[in-house]
Structure formats: structure tokens, C-alpha cells
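Enquirer: Residues per chain, in single letters:
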Amino acid sequence: METEKIRKRSRITEKELLAPDIYRLSFETDLCSSAEPGQFILVYPPDGAKLLGRPICIADVTSAGSGDAGQRLSIVFRIAGSGTREIASCEKNDILFIEGPLGHGYPSDDDLLKGRDIVLLGGGLGAPSLLFLAKKLAERKDIPGSITVILGYRDSSLDHFLADDFRRIGIETLIATDDGSEGIRGNVLDAMDSSGIRADLIYACGPMPMLSAVKRYSTERSIPAYVSLEEHMACGVGVCLGCVVRTAEKDPHSHVYNARICTEGPVFDIKDVEI
Amino acid sequence: MSTQESRPDLGIDFAGHHFRNPVTVASGTFGSGLEYSRFVDLNTLGAVTTKGVSDKPWEGNPTPRVTETPSGMMNAIGLQNPGVDVFIERDLKFLAGYDVPVIVNVCGHSVEEYEAVVERLADDDRVEMLEINVSCPNVKQGAIQFGTDPGMLTEVTGKCRSKAKNKPVIMKLTPNVTSIAEMAKAAEQGGADGISLINTFTAMKIDIYRRRFVLGNRTGGLSGPAIHPIAVRMVYEASHAVKIPVIGMGGIATAEDAIEMMMAGAVMVAVGMVNFTKPDAVTDIINGMEKYLTDTKTHDIRSIIGLL
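Going down the list, the sequences are from chains Y and Z.
Anchor point for the first sequence: position 264 equals 264 in the working numbering, and the numbering is continuous, going up by one each time.
Anchor point for the second sequence: position 204 equals 1204 in the working numbering, and the numbering is continuous, going up by one each time.
For reference, chain Z alone in the conformation it holds in the complex (with noise of 0.2 Å):
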């Protein structure tokens, strides 16, 4: 049993904010923290990334919405939410419960509608950071669009930027890019804190049998542990291209996955599609990155950002 001081700071600083430990989760994946707040001790989380949320409420994609692959899964949920106005009310009233950073993850059509979202957040003190969603793939309008074209990118991050206040704003990028690291550049220019990456890939899966899309959406985003190693080449390109802290996601299953990430660049890690399959899983893989530092003799986990 270690001692109190020999044990290994997990602690990190993203854009001038300090975090207990890196690990936050995907958003998407966990909700508001209710539901696996029964599996999983919140405050023992470097931060909780909620659901993407919209100004008004959002109905999302027909049914079937999500779909297995291999060693992953497709999903095409479209974004469903409550709406800003029930999400402050209900969800940010759980989260400050809890001694966890919340970072909210923000959504729109429009640079309008993006725009409302962060001036209705950028003021309460129960939201740590901003993350703008710019890359989700299921929905028509606004979103992806917004995170292909390098000058949209730019011009939608100054937007959010400027109603964000003291907030730091972090723009989620797509991997369905030519060059992510242009991408990266696209959100610093813009006076992004930070980037997040990478969202899900573009995907489709056909039912032979029945000869239709397997998605009512046609097209999901791919997401799992077949994601990771190109996550993680992508965090490694887009955190080398910019000055900006990175949150690196995409696929990751084990505490191994979270080190690697960190050592491909990332300041943060965000734990994804595995809170699904295991609920208690961040749990194991902040344990896990704890256990390797000790292992290898690490003291300071920050000592192994971008090592590579």
C-alpha cells in the first residue's frame, strides 16, 4: 500500500483550469450522470461531459437508432434533448450535487442557435467549460457542416468565443476530414481554448436480408474501440498542429487506451461507446492510469502528454 505522498498526481490543467484527474467521458455517452451515477462515484471523475444541448428541444432521428459492429457500433440518434431551459433546471441541479466540473456540450443549427445556447450558460457557475459540438454527423442542419469548412469553423468558434465570457470554449471536431490538423488550426484561429476529438465516422450498414438500412438515419456515426488507432493518430496530428490543449476520445476502452491517447498529445481523455457496454468503466480506467504511473515509476501523469 502506497503512502498518501508517494502516490501519483493524476491532476491536470486545460485551459487554465485545473482537473483532479484527465478522464471525462464522451458526450453522448453518459447522459447527465444520472443513470450511472448508480454504477459510478461522480466525484471521482476528472470531469463529466454532458449530452449535446440544444436552445429548444430537439426530437432527434426515427428508430432504429443505434446498431452493433464490429468491436464497435453505429448511432444515429440525432441529437435528442430537452432543451437548454429543462437541462438548467433539471440536469446542471443534479451535477451541482456532485463535486465534479461539469463541461457542457453545445449544439445548434445554426451559429444563431449556438450562440443562445452558450449566453445561457456562459454565466452560471455550475458549468467549467464549453464544448461546441461542430462535427456531429446524424444531423441535417448546422453541426458537421460547421466542422468541415475550415472558414465556418473559424468564423462559428469567434461567435461561441464571444458570448462564452470567462468560460473556456473547446470545439469538438470531426474525424470525416481531410486534414484534421487544418481543422485544429481553423478552431485556434478562431480563439478556441481547446479542441475535443475526434466525433464518430460517417458509417452505413445494410440489412442484406431485408435489402434496407439497418439505421432509420441511413448513415450513423461509427464510434468503439475500431475507432481508437485512428484516434489516435488524429490526436496526435491535430495536437501538433496547434498550441491549444486537446481532449482526445475515440474508442477508449482501458486505462492502456487513456495513456496512450495522453502520450499521442491529449491533456484530456474522453471515455466513450464502453460506458455502454461496461457502466462502471471509467471507474477501472481511472484506477488503471493510477496503476501504470505507479508501475513505471511515474510521479506526474502530465509528464506524458504529447511524449511522442
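Excised from the complex, chain Y in its bound form (with noise of 0.2 Å):
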């Protein structure tokens, strides 16, 4: 019996520190051709004692030079955990475990993205979920609303990371900051209000604090909005039921009120989810 590889040894290609413990890492791969925007991999520590694979989002997928081999994912991650650090501390050309493309991404067919003036919501290390998102959405040019992307940061002190990577998309790309040291003070709500952005469908990936408000936000006012959420997970696909969240109905696979991130997630209809 054939069985799939979707765990593989892949070549690091580039190493990248974008802000103090954020770092972007590039795969040599041909894992993820088929990678929807949402969708993340399990990138395993080398060293072998910390066995669990740490859940981390696709940040871009392209493909190689000429010459190259494979395709080149990118993934960017902040240093949370011992695990982290270690993925952190791989250079260019170590070679990693990695398994993917797993769960679910965000929903973009026709019917939904038509005539819709679309935003996404990035807060902290939620950007770069959206980042392969943005440049799907920006390739499609038979959508004729606008698309904005309002980056979300506490402060200054992460030098507004991948902001600069949203612009060379060609989207509009706000900064909000809590402080007021960047862009508009208060959070990505406050921004899209203040600024007069029409939202006819939200993309939100971040800190749970700020995706129950994008829940208010768009229940109150109808808007349609997919969330990325994240959770401790052990296996990823769907076995362990590590990771699970709240649902407003029961859940058809679980039959209780529960459904699998890794699985039906992690990007989930707003409306689906109690956050």
C-alpha cells in the first residue's frame, strides 16, 4: 500500500532575524506545493530530546531559481519556548524535519470574495498567517473591492515586522500600535473605524483578546470573518484532540461541542467558534 510522505528531512535556505527572537526560515521543499494561505507545518527540534512538532503557520510559499530544486516555504516564528529556540538556532543548510501542509486555510472562492471590500486583521505574531494570504488575494484580479491588511503591534519594540513585506504586495497596509509610537494608536478595530475602512469580509489572525473582539465586531455589524486560532498541539492531524475550541453547534466529526484546529482548523468561519 502507497502511504503519503508528508513528513520530510528539508534543506534550510535562508535565515532571516526580522525583529529581537522573530526569525523567518526558508525550506528547501516539495512539500507544500499544494499549501493553501492558513495552512501551517510541524517543524520538528533537531536535537531529537523535544519530540513534539511545533505548529507554525505558512508564511509564503514560492517557487525555486532556476536550477533549484524544490519549492522554497518560508515560515516566520518568534522564540516562545525551549523548542523554538532551538528551530531559532539552525543556520542555512541544516536540515529539518518538517510535516505539512496540514488543516485548513482560509476560505477565498469566488463566490465569497466577490464585489467585497476586504480586510485583514493582523495582530503581533498574526501577520504572517495573512502575509501568503495577502499575495494570493493580490494575484486575483478578478476581485474588484480593495483589499487592506491593518498590522497590530504593542509597540515600537518589534520594529513592525513584516509590515515592509505587505507593501511589496502592492496592498494598502495600515499600523496600528497600542502606544501610539507607530501609525494609529489603539488596536486593528480601532484603526479600520478610525481610518473609514469599509469591511464587506475580515481575515484576523492573533492573540485571542483581539480575535473575540473581531467576533463582536463583525457579529454586531454582519460582516462575514474566517479567524486563524491556535492552540498546544501534539499531533497535528487530528488524532490526539489536543487542540480543540469551543463551537457554537455540535461538531460533525466529534459529536460534542469541540472541533480539532489542526484538523477543521485552524482557520475557522467566526460565527462557528466561541472565542
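Hints may be right or wrong, so weigh each one.
Derived EDC-like pairs (lysine to aspartate or glutamate); straight-line CA-CA distance at most 16 Å [stated by the list, open to error]:
hint, chain 1, residue 1, chain 2, residue 2
1, Z, Lys1159, Z, Glu1113
2, Y, Lys136, Y, Asp251
3, Y, Lys5, Z, Glu1115
4, Y, Lys5, Z, Glu1182
5, Z, Lys1243, Z, Glu1182
6, Z, Lys1056, Z, Glu1115
7, Y, Lys141, Y, Asp159
8, Y, Lys5, Y, Asp30
9, Y, Lys8, Z, Glu1113
10, Z, Lys1093, Z, Glu1035
11, Y, Lys250, Z, Glu1059
12, Y, Lys141, Y, Asp109
13, Z, Lys1297, Z, Asp1009
14, Y, Lys114, Y, Asp200
15, Y, Lys5, Z, Glu1035
16, Y, Lys8, Y, Asp94
17, Y, Lys271, Y, Asp251
18, Y, Lys5, Z, Asp1284
Computed far set for chain Y versus chain Z, every beta-carbon distance over 10 Å [what the hints assert, rightly or not]:
hint, residue
19, Ser89
20, Asp159
21, Glu231
22, Val239
23, Thr263
None of these hints come from the bench; they were simulated from the model.
Bear in mind that the values here come from a model prediction, so they are computed numbers and not experimental data.
Just so it is clear, CB atoms sit at the ideal spot from N, CA and C, and this is done for glycine as well.
Reconstruct the complex from the two isolated chains, following the hints.
Expert: Written out as C-alpha cells, the structure reads:
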């Protein structure tokens, strides 16, 4: 029987420090040619003492330059503990096991996008998940509506990482900071309102308090919204039931009010999850 | 390349049932096989052991439910499952499409709930054996309470045995006891056809920066390679205390670990946490066990069971 190979040793082709403790790693891989924005990979710490893969969203997939094998998949992550510290200590040409693409990403079918003004809301480390989406949306010449991204940061200590990457895609990019040190003072929703930006469709990724606020905002205004969630995971493929989120209706797989973030998510219709 | 005749025999017999090899998976680390069937040919396993199933659907515990620990992990899933009706309609139906024996893990809050599930499965031809989970540390009522008191363990074993008709009943034991030999004897006395051990160790982890428990349930079960040497010791003690066969588990990550567990006294072995970190680990373990037998000129794997 042929079984799938979605876990492979992959070479690091680039490493970049974007801000204190925030890194971009690019891998040479053929795993993610079908990857969609919002999907994630598991990255296994190389030492072997830490066993679980770290779930990290796909920040971009590009084709390799001429003469190079495979595609380039990049991730952007912050050192959050000893596992991500180990991954961040890897250098160009080091080899890591990665597994993916996993989960369900941001829906973007024609009927959903058609004629809508789209707003992407990224809070802190939520921005990388939206970068790949922004690129794919910008490639869709058939979308008549506008696309705006609003990136929220606490202050300027993270150097507004990735903001220039969004700008390079050519979509309008606003910055909001809690302390007003850059862009608009306030959170991403404050920035949307104070800038008079209209949203017919919201994609959001960020810390849970921000996503809860997006849920209230979109519900009050009946704006369709999709959010990407994160949670501690063990398997990443729907077996361990470690990474669940409370759901509004009984989940068709679990038959209880829980859905697996790794499998049914990480992106959910905001109406479907209790956040 | 060895010929068909000279290949070692991995087949074993457990509670009167024959299995093509001794390797199954630890309940809760393999779902009902659907997700890992992308990575593993289920027909190569000795048996699939399914995630614990209860009478009614269980919601499980609040998140976070899992966290990594040195050479292992802690979990407090809380036996979330869709209930036995969905399990029969969906999971058993899926597994019936494969040529692999199914060991169904049964959980409950009370003796009556265990009995209800056992009764539903006792006549189902798709079920090879029943494993009764009296050892989950993560549910408030039932489970581990039945597995830490010898009298209660004997009683719940007898009740399940009487409802199980011709299905072998295996009692899954917790290591959170003073004497595993005493618990093994209590299960045997209740009429168990076999025992499986070890379930996870009750453990705790604190996030010192957030100053709170890491797991939503405060405590969780520790598993993985970190506990393997303790599991080997407990399988040794339990298997020497009873005549019924033992499924050995606890941190098995390699073929060598599995062989070691059999030498300690296990007739079958179950692969657990490593499924999460290496989804095709069971395939490597089965192949590695065959290679070990070939390399050591051991023709029949049964000859290494309880060698020490």
C-alpha cells in the first residue's frame, strides 16, 4: 500500500532575523506545492530530545530559482520556548524534519470574494499567517473590491516586522500600535474605524483577546469573518484531540461542542467558534 | 534477501486469539486509524486499539490539553469521544474495510457505563477484544478510581467479563499504585483474560512566568520515552504475578524498546506517544523487530516472551 510522505527532511535555504526573537526560515521542499494560505506545518526541533513538532503557519510558498530543486516554503515565528529556540538556532543548510501542509486555510472562493472590500487584521505574531493570504488575494485580478491589511503591534519594539513585506505585495498596509509610537494609536479595530475603512469580509489572526473583539465587531455588523486559531498540539493531524476549540454547534466529527484546530481549523468561520 | 521459509515468525497468541505480530497501538494515540491510515498500512499491524469509547459522547477537558516534557509529554484530553453509537456506525465501519483485528478501549464513569458499552460490543464480529480503561488519570469520576482499589478492580472486571460473552476482556492498569503486582492479581481474580499496562503517570507542570498550571486540567498523564524504563519494570512485575497475558506499553519508540518489553514479559506491545511525533513509527518498529529476530537467528518471537 502506498502511504503518503508528508513528513520530510528539508534543507534551510535562508534565515533572517526580522525583529528581536522573531525569525524567518525558508526551506527547500516539495511538500507544500498545494499549500493554501492559513495552513500550517509541524517543525521538529533537531536535537531529538524534544519530540513534538511545533505548529507554525506557512508565511509563503514560492518557486525556486532556476537550477534549484523543489519549492521554497517560509515560516515566521517567535522564540516562545526551548523548542522554538532550538529551531531558531539552526542555520542555512541545516536539515530539519517538517510535516505538512496541515489543516484548512482561509476560504477564498469566488462567491465569497466577489465585490467585497476585504480587510486583513493581523495582531502581533498573527501577521505571518496573513502574508501568504495577502499575496494570493493580490494575484486575483478578478476581485473588484479593495484589499487592506491592518497590522497591530503593542509598540515599536518588534520593528513592525513584515509590514514592508505586505507593502511590497502592493496592498494598502496600515499600522496600529497600542502606544501610538507608529501609525494609528489603538488596536486594529480602532484603526479600521478611525481610518474609515469599510469591510465586507474580514480575515484575522492574532492573540485571543483581539479575535474575541473581532467576533463581537463582525457579529454586530453582520460582516463575514474568518479567524485562524492556535493551541498546544501533539499530533497535528487530528488524532490526539489536544487542540480543540469550543464550537457553537455540535461538531460533525467529534459529536460534541469541540472542533480540532489542527484539522477542522486552524481557520474557522467566526460564527462557528466560541472565542 | 531471505526466503519466505526462513523469515522469522512474528505471530503470537493472546487470550486464545492469534495475531500476525505482537504490535498494536496505545489507546488514544491512534484514533480509530483513519488519520494515520495516510501514513501506515493498517493491515501490517498486529491490531488496532481504538481511542476510549463511552456510553454517551464525552466533551473532554478544557485546553490546554497537551504539553511537552523532557523526552515525553503530558496530556489531559479527558477521554473526549463521540460515544459508542457513532463509534459503531463510523469507526468500526471504517476499520472493517481493513484486514486488521480491532481492540476496543472502553471507558466509563461508573460500573453501569462500562457494562453498557461492553454489552453493545459483545456481539459485534468486528471487535476482537475489549480493553477496559480503569486507569485514565484525567476524568474526575470513574476510570482511575476503579484501577487503584484492588477490590473495585476485581468487581468491575467481573461485571465487564460477564457482559462480554466470548470477547476477551483486558484490563488496562494504571502505574499510579504502590504494587502493580497486586493490581494485576486483582484483575486476574475478577476473570480478566489479559491485562495491559502502563497507562500514564499523573503529573503536573507549572508555567512559572504566567504563574499558573500549564494544563487546563491542572494535572495530566505523563507518557513517552521518559517513562519507558518504569514501564519495563512494571510489566516485568505484573507479568510475573499472574498467569494471564500482558500487553506491554509505556514509551515504546523503537523496535529495541518493543523487544525489551517482550523480554520483560509482554506478549503484545503497544506503541503510544511516538505515533504523534513520527506517524509511521509502528511500521519501522514492526520491520525492526523482524530484523532483530533475523539478526539474532531467533525463528519464533514467542521464544523471547518473558525471557527474564
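Enquirer: Since Y:Ser89 was said not to touch the interface, does its Cβ keep a gap of more than 10 Å from each Cβ of chain Z?
Expert: holds, 17 Å
Enquirer: Given the hint that Z:Lys1056 pairs with Z:Glu1115, does the C-alpha gap stay at or below 16 Å?
Expert: holds, 13 Å
Enquirer: Would you mind confirming whether the straight-line C-alpha gap from Z:Lys1243 to Z:Glu1182 stays at or under 16 Å?
Expert: holds, 13 Å
Enquirer: May I ask you to check that Y:Glu231 keeps its beta-carbon over 10 Å from the closest beta-carbon of chain Z?
Expert: violated, 6 Å
Enquirer: Take a quick look at Y:Asp159 and tell me if its Cβ sits farther than 10 Å from every Cβ on chain Z, holds or violated.
Expert: Given a closest Cβ separation of 23 Å, the condition holds.
Enquirer: Given the hinted pair Y:Lys5 and Y:Asp30, is their alpha-carbon gap at most 16 Å?
Expert: With a Cα-Cα distance of about 10 Å, the restraint between Y:Lys5 and Y:Asp30 holds, given a limit of 16 Å.
Enquirer: Checking one constraint from the list: CA of Y:Lys8 to CA of Y:Asp94, max 16 Å. Satisfied?
Expert: holds, 13 Å
Enquirer: Given the hinted pair Y:Lys250 and Z:Glu1059, is their Cα-Cα distance within 16 Å?
Expert: Given that 16 Å is the threshold and the Cα spacing comes to 10 Å, the pair holds.
Enquirer: Under the criterion that the straight-line Cα-Cα distance not exceed 16 Å, is the pair Y:Lys114, Y:Asp200 satisfied?
Expert: holds, 10 Å
Enquirer: Are the Cα atoms of Z:Lys1093 and Z:Glu1035 separated by 16 Å or less?
Expert: holds, 15 Å
Enquirer: Sort out whether Z:Glu1113 lies within 16 Å of Z:Lys1159, counting only the CA atoms.
Expert: holds, 11 Å
Enquirer: Does Z:Glu1115 sit within 16 Å of Y:Lys5, going by the straight-line distance between their CA atoms?
Expert: violated, 41 Å
Checked against the numbered hints listed earlier, the structure breaks hints 2, 3, 4, 7, 9, 21, 22, 23; every other hint is satisfied.
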